[in-house]
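Q: Sequence:
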Amino acid sequence: MLFILVTVWLVQRGSPESKEVEEAGRGSDREQRIGRYAGRGAPTWARVGGWRTAIFGNSLLIVMGVIFLLSLFAQSLTGWNEYNDTQIQHHSQAVSWLTYIGTATFWEAALQNWQSELLAVGSMAVFAIYLRQRGSPESKPVGAKHEETDVSG
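Under this note's numbering, the letters of the sequence shown match residues -6 to 146, in that order.
Simulated from the structure, these hints should not be mistaken for lab results. Given the structure is predicted, the values throughout are model-derived calculations rather than measurements. Treat the hints with care, since some could be wrong.
Simulated restraints on C-beta separations [as the list claims (entries may be wrong)]:
| no. | residue 1 | residue 2 | range |
| --- | --- | --- | --- |
| 1 | Y30 | V119 | 33 to 41 Å |
| 2 | Y123 | L(-5) | 18 to 26 Å |
| 3 | Y123 | Q86 | 51 to 59 Å |
Idealized CB from N, CA, C, for every residue including glycine.
Based on the sequences and whatever the hints tell you, model everything.
A: Here it is as structure tokens:
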């Protein structure tokens, strides 16, 4: 979700994961083909304007945010059960879910997961600027200059 949000505004010259430097930002309605600029075959929510177009225009970010919150919730439930099992094994009292999500144990586990995901995605984005993989849609052509962001060849 963070990767999607940040790539709207940040660009990296030479990265196949990035827009051209001149194209940074959200783009105009004409460029995004929404509202009065939407074609006949465009999705209805891209044509109607207002809140529906705003939701449709941010649907990827919204879905990724929901997935993030659901995974955080699922992690909190499994961690809470494990935490209470350990509490009981040590003859301590079990805690409520709300108490558990305020513990360092929960946040340590959550931050370790986020750290590994950010490392994986971040390293892919940075390495793609300089390294090549022939035939990969995530890589620029093998013989392309570092400054080129066009992956179409």
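Q: Each hint should be assessed against the structure and marked as holding or not.
A: Hint by hint, here is what the structure shows:
| no. | hint | result |
| --- | --- | --- |
| 1 | Y30 - V119: 33 to 41 Å | holds, 35 Å |
| 2 | Y123 - L(-5): 18 to 26 Å | holds, 22 Å |
| 3 | Y123 - Q86: 51 to 59 Å | holds, 54 Å |
Of the numbered hints given earlier, the model fails none.
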